Structures are given as structure tokens and as C-alpha cells.
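Enquirer: Chains A and B, in that order, give the protein sequences. At position 117 of the first sequence (counting the first as 1) the number is 117 in UniProt numbering, and the numbers step up by one without a gap. At position 67 of the second sequence (counting the first as 1) the number is 67 in UniProt numbering, and the numbers step up by one without a gap.
To be clear, the hints were calculated from the coordinates, so they are not data collected in a lab. Possibly wrong hints are sitting among the right ones.
[Said to hold, decoys possible] In silico lysine-lysine, DSS-like type, Cα no more than 27 Å apart, as pairs: (1) A/K283 to B/K147; (2) A/K222 to A/K145; (3) A/K145 to B/K95; (4) B/K147 to B/K165; (5) B/K147 to B/K99; (6) B/K124 to A/K145; (7) A/K142 to B/K124; (8) A/K41 to A/K283; (9) B/K124 to B/K147.
[As the list claims (entries may be wrong)] Just so you have them, the derived chain A footprint on chain B, three or more residues with Cβ under 8 Å: (10) 22 to 28; (11) 63 to 73; (12) 114 to 120.
Predicted model only: the values in this text are computed from it and were never measured. Glycine residues also receive a C-beta, built at the ideal position from the N, C-alpha and C atoms.
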Amino acid sequence: MHSSFSEPNSPLKEVLLGEKWQTASCSDIGADYVKPGPLAKAKFTALRNKREAIDRFLKKHRNDDLGLYIEELRDFAISPGGLVDDEFRAIIWPVLSANLVINDDLDDVSSSYDSDFESAQSDFEDSPPYEEIGELTLEDLKGHKEWNQVELDVHRTLSRFPPNISDTHRDILQTDLIPLIVRVLCINPRFNYYQGFHDICLTVLLVCGQQDALSVCSNLAKNGAFNNYLLKTLEKSVVRELDLLYVILSRVEPSLERVMRSVELGTMFALSWPLTWLSHSVKQYQQIVRFFDVFLASSPLLPIYVASAVVVYRRPSILACEREMPFLHRLLTEMPHELPIDAIIKDAVYLSRLMPPCLLKTKYMNEYRKIVAKPPRAAVKTIPRYALQFMFVAGTVGAAASFFFFKQIHPM
Amino acid sequence: VIIVGNAAVGKTCLSFRFCCGRFPEHTEATIGVDFRERSCAIENELLRVQLWDTAGQERYRQSIVAHYYRNVNAVVFVYDVTCRDSFNDLSLWIKECEKHGLVSDGEVPRILIGNKCDVECANKVSTDEAQMFADRNNMALFETSAKSASEADHVESIFLTLLHKLQQSKPMHVQSQGERQQKEQERLILKANEAANLEEQGFCC
Chain A
1 MHSSFSEPNS
11 PLKEVLLGEK
21 WQTASCSDIG
31 ADYVKPGPLA
41 KAKFTALRNK
51 REAIDRFLKK
61 HRNDDLGLYI
71 EELRDFAISP
81 GGLVDDEFRA
91 IIWPVLSANL
101 VINDDLDDVS
111 SSYDSDFESA
121 QSDFEDSPPY
131 EEIGELTLED
141 LKGHKEWNQV
151 ELDVHRTLSR
161 FPPNISDTHR
171 DILQTDLIPL
181 IVRVLCINPR
191 FNYYQGFHDI
201 CLTVLLVCGQ
211 QDALSVCSNL
221 AKNGAFNNYL
231 LKTLEKSVVR
241 ELDLLYVILS
251 RVEPSLERVM
261 RSVELGTMFA
271 LSWPLTWLSH
281 SVKQYQQIVR
291 FFDVFLASSP
301 LLPIYVASAV
311 VVYRRPSILA
321 CEREMPFLHR
331 LLTEMPHELP
341 IDAIIKDAVY
351 LSRLMPPCLL
361 KTKYMNEYRK
371 IVAKPPRAAV
381 KTIPRYALQF
391 MFVAGTVGAA
401 ASFFFFKQIH
411 PM
Chain B
1 VIIVGNAAVG
11 KTCLSFRFCC
21 GRFPEHTEAT
31 IGVDFRERSC
41 AIENELLRVQ
51 LWDTAGQERY
61 RQSIVAHYYR
71 NVNAVVFVYD
81 VTCRDSFNDL
91 SLWIKECEKH
101 GLVSDGEVPR
111 ILIGNKCDVE
121 CANKVSTDEA
131 QMFADRNNMA
141 LFETSAKSAS
151 EADHVESIFL
161 TLLHKLQQSK
171 PMHVQSQGER
181 QQKEQERLIL
191 KANEAANLEE
201 QGFCC
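Extracted from the complex, chain B is given alone in its bound form (with noise of 0.2 Å):
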């Protein structure tokens, strides 16, 4: 999974939320990209999600982010709810996707998540806006918050429902690392129930 957005509008905060469980204390600016892993069990079923934080700034976008849409099974759009302008480069970064062949009826599942939604703002984008973008980009919406606690299980639930889709359509199992993949997940199962129970205190391995 890849996320990606405008800079500063909490793409390490929502990926460290899902990840590690909690709201990371300071942030600084992403610079290249950063990984990050949680293994989550699906139905029956271990996946291992491997998120891929990238850098906001319009320097990053071309080639250096770009080398990490291959092999990508999913992609996370983040915008600030507060922030108009973030709000307005989304289409920017869906030609950006879509020049990496991930285009909006392909078997690669989007989302976008307009994050800070606990912020009070005047000038905030409207959820009925957002609606609209997101219908017209065939894409799930989601508004919430990394920060706010109350909005923690929210969070979670929106990476699970990408999972969901994920693997419903399955496009990692049939792709070129598809075998190395299943041999990786016979092996995890073994280990599920452990992560089973770190998953319930919130927590990754």
C-alpha cells in the first residue's frame, strides 16, 4: 500500500496510527520514502500490510517516489481537511498514479482519507465536496483524524476495509511476487494467533 498527499497533511501520523497504535509525539518531514508493516489477520486469512510513506514535496514526486509504485497493491490519497490547496493537488497525484498504470477502474484499490477532521477551521474542504471528488474518482471517502483518540478505532477500520477490498479482488496473489507471497502467508498463519492478540491491544509486532 502506498500513501500518498500533499506535505504535512499526516500521512506518517495516519501509517504510525496503523501501524504502532498510537499518535506519533513529533513528526518530522518524510524525506524519500519510509516503510512501515503490521500484520493483520482477515478472515481466516494473515496479510501482512506493508505501507509505504512518502515524502509530500513536490521535489519527491517525480521519479524518487515514483520507483515505489511498482509492486503496489493499493493506494491511500490523504488530504487535510483544513487545507484547501491539499485538497485541490489530489487530482495531481491521481494523474501521478495513473502514470504508474494505477488508474481508477483497475484492479487496484484507492481510498482517500481527508485527515485532521478534529481541527476547527473556517475554511474547511466540505465533506459533500470531498463526496463528490471521490465519486467522481471512484474512490472510498473517509474523513477522520490520526490524532484524536476517539477517532483511533476509525482509523483502523478504514485500513481494514481497504484490506477487505484487497482481498476480494486479490491482484497480489495473481501479480509476479504472487508465489513468494503465499509461501511468506503459509508461514505467518503459523504465527497468527500471536498477532491475532497484539492486534487486540492496538499494538504491531
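Extracted from the complex, chain A is given alone in its bound form (with noise of 0.2 Å):
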């Protein structure tokens, strides 16, 4: 129930309803919503005074191009509590996705520390001109080689929908699904769709609308981290993303990176998070829409670090599991019902800063090869694991007060 500050602005709303699609946002949510206790009702005081700030700016700016704003709105974004209610992912994941931030290094994690060049060399072809989409019509659509496997892969995101939204309703919205993610595909004959985009794509229709969702989609697989997975194998693309997980995990919490080692768990057990967006393995749209908040709005290898934050929240039933690969793999793919996801974003943001991209993949990767290399003992500094836990500390007790924070820069 705390998890419905907003539901779905759907794009159905004017052409099957004919009135506005019924936003539960958090104003409209009673007090029997809220779980007793002065820490929810700080965090929901703090929610709601953030909705009225995204609110004031959005009218403020009602005449302007939002993209002069782009900074104002990654804070939003990024900040505890993300954009709040649909209403406003809506009108700010377009231009959150028009100006995707690009990584920090120009090159893209599979060149930068791959000595065949055969990937560095097709970044360069990378670039034809990108097709012209919307001329597409479902005919042609149909034909493109994915089509099928699009088809099976949609038809099966049933449990994908929050559950407010109507039979009738899904199906229209899974229908519509099937050529929005080919279209998006169409743009470069080079792209492959790989199981998981689906569910990106899923998460963008929901929210922005079947007219919207194409742009912003497209610009996701032109500019953002899914243009190496739509473009490389997984191998070369998300699998050596996700490499550096265990590099930050031996810099941040050694101890749980021996341990995740020691059995061999390998990566896999993360595979999706980066692909979906995490939208695979958390099971809860606001979740979900939280999520996409800040990564729209970051590195887009902040995924790798959230996962990295996911495994340090998760490091008492890590340690408490049974030694052995499967135990480890399954514990860590399902995702625990109740994330403190605010906390894990902040620790996220945090290792981002501390251990910056450029550095991850050249510097600090060539040291983890080296602890690798020869078993015993590492001297690689380590980050005092008090740092990471006072941030969620802060991150869970402290998310209200940096609201109060917030409402004393925007004043009402």
C-alpha cells in the first residue's frame, strides 16, 4: 500500500476513458496510507512537499524548453524520492532522455580495456545514418526478423502490469508494445533485440504514452547504455559491465567479494539488472519507475554501481547462505520485496563519485586483476565499510530530513 504514491498515467487515458486516468498520487493518499510511526510521516510530509516543488517548476517553466532546465531536473530525478507521481516522469523522461548523460570517457567499457580491437573498431561503424522511423507501417514491421521473438517475449509480461490497470486495457497496451519496440529496432539494421529490452520498453509505455514512448525508447537505444547490448554481443557489452561489480565490491566490502568469488559465482546472477533496467527482477512499479528516475538521469553505468549497492545491502544473507554457487546465484536474483531504494541509490551515487567510471575500468580493474592473479592477501586500500554504512544509515533515517532540506531551497 505505501507503494502507490502513483499508478500509471497511461496514454489510454483519453482514448478508452475519456477522462483522466485516475493518478493516486501522494496528496490524494489519506493518512491510513501511511504507516504509523514520525519516520513515515516524515518521508511522506517530505513526498509530498518534493511533488509540490516538481509541480511549481514544471508551471514556472510551463512556456520553456524544459532541456535549458536539464540539471534542475536530474536533481529531481536523483534525489530521494525521485519524480514522484507519473504525472511528471511523463513530461520529464523525454527530456531527461533527449539529454542522456554520456559516459564520462568517450569510450564505452568493452573498448577501453579490450586489446582486440575487432570492438573498437566497429564502434566506428557504428554510426550509419539512423533510419527514419515513423514511416514504418505495421506491414513492414512485421517483417523485421525479431518480430516473433518481440511477439512471445510481450505476450508474457502479464505479471509486468500493475495491477490497477484493466484486461482490456493491457491488452491494447501490449498490442501497441509489439511495434513500438520493433520500430525501435528498425532505427539501425544492426541492432539485436535481446530478451529484456522488451521490458525497458514495457516500463517507457506505461508511463509516457505510446507517442512519447518511441522517442524516448529510441533515444535510450541510440545514446544510452543499451546501444553496446542492442549493437555488441552480451559477452562484449553487458557481461564486462558487469566485471567491474566484482571491482568495486573488492574495494568496498573485500570480504564479500572473496566470498562471492570463492564459489565461482560469476555475474549472471545480475545479468538483468542492467539489461531491464532492473525492471525484471524488482517487483514493484514504483519501484521500477524509481529506478528509471535516476538512471535517466545518470552515468549509464549507474546501473553497475546500484547493483554493487544491492549486493553490500545484501551482504547478511550473503554471508549467512549456504557456500555454494547455486545458493549464492538464486539469493542474489530475487530481489527482496522491500528495498530501502532511496538508501541503495544514494550508496549508488555515492560509489559513482568515489570510484568514477574512467577510473573502474582502467586503474582500479588492473589492480582487481592483480588480487585475481595471486590468491593470498591484497594490499589494495579499502574504503572503511563504515563509510557505506553510515550513507545508509543516512540514506533511511536521513531521507526525511534532506527533504526538509529541499523545501528550504524551493520555498512555498
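Each of the two chains sits in its own frame; use the hints to bring them together as a complex.
Expert: Structural data, given as C-alpha cells:
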């Protein structure tokens, strides 16, 4: 119940219902929705204040090009609570996606520490003029080589829809989703669909509606993290990114990293996290869109930092788990229902500042390789664990405080 | 045990049916590899069955799923009887397995399951055809459905057959993990009664 501060602001509101889709924004939530206790109350108030601040901001700049205020929008998206309401997301996501943060080191993860220059070479070829995507007919789309696979996957997305969506509505959304995905794939003939990309497009469709979803998804496919996943083999893109998870862990939680390495856990437990921006494993709609807020406003590698923060958060269960690969794999694949999302995001952002992608992929990666090469004790300076745990405490308890602070910056 | 086959043939449903005793309500496309487990008592020996449920899409086939072929004791190939492509692609899956040392005359048992036999379809893969294919590749063929309740026992017996085979060949006791697993077994036998009760009801622990 705590989870429904807002419900998807769906494109169908004009088409089917003829009236505004019911958005249960936080201001509509009565006191009974809030768990008792001062912390929950503070959180609730903080969210409401943030909601008002975003509302004010959007009203003030109603006639401006929102792209000019991209920094403000990113702040809204990253700070606790995210964009709060799907009504705002529908407006802000297109702006964020048109101004994605590009990797700070020009190069992507695969070619930066990749000695065979095959993939580096392919980067140069990767810029054919993108095709105009609006003109393709449904028949054209059905002829696309991936149509069938997309159809199979989309038909299996029932559990991804929030409960307040009716069956008819869901059917229509599913029918819209297939051509939407294939249209995005048509942008570049070298795009290869992967299972999981449909989760991304579905989330965007639920929030933005069909028209905007196409441009948001296209931007993500062209300029975002998914560009690599769609163009290269998964081994050369996402798997390499996930290797960085161990590099991060070795510096934050060396003991945890050792456990995971000793059972040869690998990174497959987290495979779907960057591929779907966690929408595959996180079950609550509100948590999914909250993660999307942040990822749309941050470096394409942030999902890896979030993955690290999630693993660190699950430290106690990992250490308590049987030391065998299958059990650890299962433990980590299943995302706990109650995730302290704001704390995890805060930690992830903190980690990404502490170990920026450019250092992570070069210096730290090399240092990590040395650790792995000589199993005995390694002499890498680690971040005191307390620093991070403090962030968690600050995250949960102090979430509210930061909101109050926020409120002071933007007075009513 | 690793379960492989084309996308949307029902690998997840089959493994779910076996491990949890029911047909899952909504399944999604598997991304990467999922792990399920169930304990079975066979001839007074408790076997801990670990199923790796893999992604069907070709993009996941290579090194991602490949990682899990290591230490595999049995392979289950799945196709959809209403989908000819999924049957035709079986030879690719077999090749893929053989690349990882899981060959037909090896110690690793392999079985073939034709899923969704409850679905009426004009273009079904015929049993004869599938049987011929299975014979050629030295596998046992089963046609079943993870969905229909009447076939539930069948799914169960298919996997139990596989376990019997496994137990006879016992490759897992001689492999590197053997010792550890035996210890595990001793520990688990203590729980055997408890687990056996659960099995009667058709649920996993």
C-alpha cells in the first residue's frame, strides 16, 4: 500500500476512458496509507513537499524549453523520492532521454580495456545514418526478423502490469508494445533485440504513452546504455560491465567479494539488472519507475553501481547463505520485496563519485586483476566499511531530513 | 541438470511444475539463468536435484548459458510440439552441448521433452518424427504438458526417470564435487522423511 504513491499515467486515458486516468498521487493518499510512526510521516511529508516543488517548477517553466533546465530535472530525478508522480515522469522522461548523460570517458566499457581492437573498430562503423522510423507500416514491422521473438516476450509480460490496469487496457498496451519495440529496432539495421529490452520499452510505455515512448526508447537505444547491448554481443557489452561489479566490491566489501569469488558465482545473477534497468527483478511498479528516474539522469554505468549497492545491502544474507554457487545465485537473483531504494540509490551515486567509471575501468580493474592473479592477501586500500554503512543509515533515517532541507531551498 | 531449448517452449514452466508442483501463473522471458531445486528420495537415497533453467534466445546461448554447462549431470532438451522451429533447432542445441563435452555416448544422460502436447494444432511435430530424432541422438523422448493437470504426474515421472538414470550412472559421485555432495547427502538423509512427506503432496521444500 505504501508503494502506490502514483499509478501509471497511461496513454489510454483519452482513448478508452474519456477522462483523466486516475492517478493516486501522494497528495490523494489519506492518513491510513501511511504506516504509523514519525519516520513514515516525515517521509510522507517530504514526498509531498517534493511533489509540490516539481509541480511549481513545471508550472513556472510551462512555456520554456525544459532541456535548458536539465540539471534541475536531473536533481529532481536523483534526489530521494525521484520524480514522485507518473504525471511528472511523463513530462520529464522525454526531456531526460533527449539529454542523456554520455559516458565521461568518451569510450565505452568494452573497448576501453579491450585489447583486441575488433570491438573498437566496430564502434566506428556504428554510426550509419539512423533511419527515419516514423514511416514504417505495420506490415513492414511484421517483416522484421525479430518480430516473432518480441511478440513471444511481450505476450509473457502479464505480471509486469500494475494491478490497477484492466485486462482490456492491458491488451491494448501489449498490442501497442510490439510495434513500438520493433520500430526502435528498425532505427539501426544492426540492432539485435535481446530478451529484456521489452521490459524497458514496457516501462516507458506505461509511463509516457505511445507517442513519447517511441522517442524515449529510441533515444535510449541510440545514445544510452542499451546501444551497446543492442549492437554488440552480450559478452562484449553487459558482461564486461558486470565484471566491474567485482572491482567495486573488492574495494568496498573485500570479504564479500572473496566469498563470491571463492564459489565462482560469476555475474549472471545480476545479468538482468543492467539489461532491464532492474525492471525484470524488482516487482513493485513504483520501485521500477524510481530506478528509471535515476538511470535516465545518470551515467550509463550507474546500474552497475546500483547492483553493487544492492549486493552490499544484502551482505548479511550472503554471508549467511550456503557457500555454494547455486544457492548464492538464487539468493541474489531474487530481489527482496522491501528494498530501501533511496538508500541504495544514494549509495550507488556515492560509489560512482568515489570510483568514477574511467578509473574503475582502467586503474582499479588492473589492480583487481592483480588481486585475482595472486590469491593470497592483497594490499589494496579499501574504503572503510563504515563509510558505506553510514550512507545506509543516512539513507533510511535521513531521507526525510534531506527533504526538509530541500524544501528550504525551494520555499513555498 | 540443465534445461535448454528455444525461447518460449516452456522450459520455465516445466521446471516450475517439477520443483513447485504447479503450473506458474505468469511466466516471463527468462533472462540469463534461473535456479530451482528439489529433493527427491530415490531407492532410499536422497537426491538433491538442481535445475538450471536457461534463457532460450540465441543471444544468451553462447558464453552466458555456457557458463552453466560445467558440472552438469544431465541435460533436458525441450521443444514445443506446436512449433516446428523449436524442434528443428534441437540439433543446434545438441551441438552446443557437445561443444561443452556433453556428448551422446558420454556419462551424462540426456532426455528430450516435447512440451505443450495439450494444445491442438494443425502443424504439430509428430511423435514418430520426434522419436526418430531422439533415437538418432540416443535420447529418451517424452511428450507432455507442463500446463494440463492430467499430465502433472507425467512431468514428475519424466524427471524421476531421469534421476534413476542419473543414479545408475552416478557420474556426480566421481566428479570433482563428489565428496562434497556425498557429505551433503548424509546430512540430507536425516531430513529424508520430512522431504518425502512433502513430495507426496507435490510441493518442494
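Enquirer: When the structure is checked against the list of hints, which entries are broken? Sort them ascending.
Expert: The structure conflicts with hints 5, 12, although it agrees with all the remaining ones.
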